[in-house]
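Novice: Throw the hints in and build the complete structure from the sequences for me.
Those protein sequences? They're chains A and L, same order as listed. Sequential numbering from 1 applies to the first sequence in this note's numbering. Sequential numbering from 1 applies to the second sequence in this note's numbering.
These are computed hints drawn from the structure, not numbers from a lab. For every residue, glycine included, the Cβ atom is placed at its ideal position computed from N, Cα and C. It cannot be assumed that every hint is accurate.
Unchecked claim - Taking CB as the label site, the calculated pair distances span:
| id | chain 1 | residue 1 | chain 2 | residue 2 | range |
| --- | --- | --- | --- | --- | --- |
| 1 | L | F117 | A | P280 | 49 to 57 Å |
| 2 | L | W191 | A | G246 | 27 to 35 Å |
| 3 | A | V155 | L | F117 | 50 to 58 Å |
Residues per chain are reported as follows:
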Amino acid sequence: MKRAAAIFLFWLIGAGAAGAQVQFSAELDRTRLYVGERTVLTVRVQGSGIDASSLRLPDLAPYFQVLRQSTPQHSSQITIVNGRMQSSESLTLVIQLEALKAGRAEIPALVIYAGANFYQTDPIAVEIQEPAPAAAGEEREGWVPAEDPYLEAKVDRAEVFVGEQVVVTWTIYYRRDIYNLSWGNPPSYRGFAAQDLDQARRLDQKMENYGGALYHVSFLKSTAFFPLQSGDMTIPPLEIRYESAGGRRDFWGQLLTEGRTVSSRPIALKVLPLPEEGKPGGFSGAVGQFTIAGRLEKTEVPAHDSARLIFTVTGDGYADFVTEPVLPLPATFEVYPPEVDRTAGNVAGRFQTRKEFSCLMVPREAGSFVIPPARFDYFDPTSRTYRSAESPSYTLTVTPARPAPAAAGPSLRGDLTREEVKLLSEDIRYLKPDRTALPRERRLHRSPAFLLLQILPALLPALALVWRIRQERLSTDLSYARMRRAFSQSKKRLKQAQRLQKAGEATPFYAELSRALTRYFADRFNLAAAGLTSERIEEVFREKSVEDSIRLKFLDLLGVCDRARFGAAPTEASASAQALRRAGEVIAALEKSRP
Amino acid sequence: MRRVALLLGAAALFCAFPEAGAESPAALYNAGNAAYGKGDFAGAVEDYRAALGQGAASADLYYNLGNACLKAGRLGPAVAAYERALRLAPRDPDLAHNLRFARVQIKGKLPQVERGFWLQTWDQARDSFSLNELLTLLSAGWFLLGLGLAGRIFFRPAPLRIAASATLGAGLLLLVLFAPLTLAKLKQEVWNSRAVVQAERTPARSGPGLQNAELFELFEGMEIAVKQCESGYCEVRVPGGLMGWIQAGTFEII
Numbered sequence: 001m002k003r004a005a006a007i008f009l010f011w012l013i014g015a016g017a018a019g020a021q022v023q024f025s026a027e028l029d030r031t032r033l034y035v036g037e038r039t040v041l042t043v044r045v046q047g048s049g050i051d052a053s054s055l056r057l058p059d060l061a062p063y064f065q066v067l068r069q070s071t072p073q074h075s076s077q078i079t080i081v082n083g084r085m086q087s088s089e090s091l092t093l094v095i096q097l098e099a100l101k102a103g104r105a106e107i108p109a110l111v112i113y114a115g116a117n118f119y120q121t122d123p124i125a126v127e128i129q130e131p132a133p134a135a136a137g138e139e140r141e142g143w144v145p146a147e148d149p150y151l152e153a154k155v156d157r158a159e160v161f162v163g164e165q166v167v168v169t170w171t172i173y174y175r176r177d178i179y180n181l182s183w184g185n186p187p188s189y190r191g192f193a194a195q196d197l198d199q200a201r202r203l204d205q206k207m208e209n210y211g212g213a214l215y216h217v218s219f220l221k222s223t224a225f226f227p228l229q230s231g232d233m234t235i236p237p238l239e240i241r242y243e244s245a246g247g248r249r250d251f252w253g254q255l256l257t258e259g260r261t262v263s264s265r266p267i268a269l270k271v272l273p274l275p276e277e278g279k280p281g282g283f284s285g286a287v288g289q290f291t292i293a294g295r296l297e298k299t300e301v302p303a304h305d306s307a308r309l310i311f312t313v314t315g316d317g318y319a320d321f322v323t324e325p326v327l328p329l330p331a332t333f334e335v336y337p338p339e340v341d342r343t344a345g346n347v348a349g350r351f352q353t354r355k356e357f358s359c360l361m362v363p364r365e366a367g368s369f370v371i372p373p374a375r376f377d378y379f380d381p382t383s384r385t386y387r388s389a390e391s392p393s394y395t396l397t398v399t400p401a402r403p404a405p406a407a408a409g410p411s412l413r414g415d416l417t418r419e420e421v422k423l424l425s426e427d428i429r430y431l432k433p434d435r436t437a438l439p440r441e442r443r444l445h446r447s448p449a450f451l452l453l454q455i456l457p458a459l460l461p462a463l464a465l466v467w468r469i470r471q472e473r474l475s476t477d478l479s480y481a482r483m484r485r486a487f488s489q490s491k492k493r494l495k496q497a498q499r500l501q502k503a504g505e506a507t508p509f510y511a512e513l514s515r516a517l518t519r520y521f522a523d524r525f526n527l528a529a530a531g532l533t534s535e536r537i538e539e540v541f542r543e544k545s546v547e548d549s550i551r552l553k554f555l556d557l558l559g560v561c562d563r564a565r566f567g568a569a570p571t572e573a574s575a576s577a578q579a580l581r582r583a584g585e586v587i588a589a590l591e592k593s594r595p
Numbered sequence: 001m002r003r004v005a006l007l008l009g010a011a012a013l014f015c016a017f018p019e020a021g022a023e024s025p026a027a028l029y030n031a032g033n034a035a036y037g038k039g040d041f042a043g044a045v046e047d048y049r050a051a052l053g054q055g056a057a058s059a060d061l062y063y064n065l066g067n068a069c070l071k072a073g074r075l076g077p078a079v080a081a082y083e084r085a086l087r088l089a090p091r092d093p094d095l096a097h098n099l100r101f102a103r104v105q106i107k108g109k110l111p112q113v114e115r116g117f118w119l120q121t122w123d124q125a126r127d128s129f130s131l132n133e134l135l136t137l138l139s140a141g142w143f144l145l146g147l148g149l150a151g152r153i154f155f156r157p158a159p160l161r162i163a164a165s166a167t168l169g170a171g172l173l174l175l176v177l178f179a180p181l182t183l184a185k186l187k188q189e190v191w192n193s194r195a196v197v198q199a200e201r202t203p204a205r206s207g208p209g210l211q212n213a214e215l216f217e218l219f220e221g222m223e224i225a226v227k228q229c230e231s232g233y234c235e236v237r238v239p240g241g242l243m244g245w246i247q248a249g250t251f252e253i254i
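Specialist: Printed below as a string of structure tokens:
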């Protein structure tokens, strides 16, 4: 009893010692705020003997006002460590604050009592700034996001020509906390060619003031559109999925989030047709601002050798409308279709196309030739006129030819390797000679005979295995071996008896017949042949449940043999032949019966 | 009796010369060669095609057809014929030369994927055998394996068991060497629908139908693999890995 009391006292001391370890903290989720912005103060205390009612919020005026305060989340825990009981409780309090005034504010220390002691948190310094002005632009005067969150689609021009680039930028404005943003259903841009320019990897932390309220403002995406037809057209809305706190709470009192979507408004565009007046012949449809640059790889080549001329067209039009520049070359030049290399990307917020045309030309005559400027026609939407970009002109000196290759075939590409160009100077090899017969096509994978034949290699080992197992049993299981050989041995003996019968030797015939029957019987049932009497045979027949008809025939035949051997039965040829036939039948019947 | 004998004789004659009344494939093939020699390439193409129509199919016939098509200015059918000949005679140097020559005539080029040394070696090994040759070698390996295994089970004397083991080993070796090549060949020639573009040029689009964007352009003689067909268009893959939809009827399956 004394010992139990001592242990209880020890536990109490231990618990009291544990209660002395109180942890008390206060955290603000951000220490730099704008006026009007909200922040969350989380107060946590853990230990024993905590007096929750002693926790008081200090006066936060004039910098903050308390918007909401959660009910304290309380939990307690008892643990036994190394035989010592430790009890502890924890308390969590969440307070939502709104910044009211710019300046350097401080959230003072919070105080709580635990037992006879009191504990306090560190003060938290906060910097509160005046809100940023609204985005520039006349149309922004007095503008307020229509909803929270709000997805805005801004277009850089409302009236464009067919094929002209128009850039749409999507921005999200929000006050409430939103999480897990993702793209909604992808829109179908019918009547437009679209190229994505930029896309936000995470939300910006920019804040702007609209109508006296602070909004988070974040760029989401920008896309370049090229209208492919004229008329009133619409760029469909973009949809965003997000999660935000709903009204419901979970079992632990935490606010649950709900999945929602927000869409931008559709954008109306007026698309003008390209003017027919002044349209160059073979105009490709390129609209925008374009430049062309050129480069001649070699300025001197022998006749029949190749020279490469490279043009680069750069501009903000739709890439598919940028086609090969017009290049009027001397008639003595053979020109191959150009190899085209295309790159595109975002340059200063607009889609920029760069197409390189690498033209292979083969001068066939010697001389000095001026390659005139290559011309690329486009429509300039700023001046509303058709313009041409021109490369510089070049001079190519063609020296007399090396030994001329044979005339090449009709051609070709501009990216031929040296080996391929050599091949062009050759010809195909001649025909295969006449034949007296032509075979029919034989496809093994479709030939049933070939496929069936493939079964054989699988069967061979299986057959060998069966044979091997049988051989093993024959050599180890004597009764099995005798039984398996009984029938073949009896046939040999019956043949011997037949020979005696044909020779007219009645007594030896019946003796051999009797031996054939008894030996077969002995082998069949694994018995010793010597001393096998009719009574024993009958007994065995009954033990093995052999059919009565077989048993009777067998015993009758043995009796016939015995009687004939000792002169008590007819021994004419017909009787012996009948006995031989009956012996064969009864042995066959017994073989089939498998008792 | 005499009439029966006459009828039997006529039937025997018909069986002995089944193409009596029509030119034999060999005669058509030789006629094609003669027309080619005279510069009548279109006529040669007709003769060779008639020989094919009678069920003949040899590498020489496809080779000569390819030559005649090429001389007649029909690049697509020429490449298709050479490709078919290559399936039957993969190591024919004349055929390799003419096919290379035909490929150089193709008027456009798509981006090519650079194959590493080992992949090139693998391709060469696969292309050095016809499918029938590979199947025969694989079958021989399979038979040796079966025989060796059966011998190992069947025979007890040591020399015979050693011989059976050697047979088994040879069979395994053939299987290990040629099974992957045969699978690759089957994939190339049987499971993949390979085709040759026959139209002079045809755009490959992002989907079946004219409303879809043009991705790239295919030219006559280019080799493609046909994946699926839908609404008069077929999805094709070119050796560089590009995929697109082209109009059905602009290519010929080989």
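Novice: All hints are to be evaluated individually against the structure, with a verdict given for each.
Specialist: Against the structure, the hints come out as follows:
1. In this structure, F117 (chain L) and P280 (chain A) meet the distance hint of 49 to 57 Å, their C-beta atoms being roughly 51 Å apart.
2. Taking 27 to 35 Å as the suggested C-beta distance range, the pair W191 (chain L) and G246 (chain A) does not conform, at roughly 54 Å.
3. One distance hint, 50 to 58 Å for the beta-carbon pair V155 (chain A) and F117 (chain L), holds here, with the actual separation near 53 Å.
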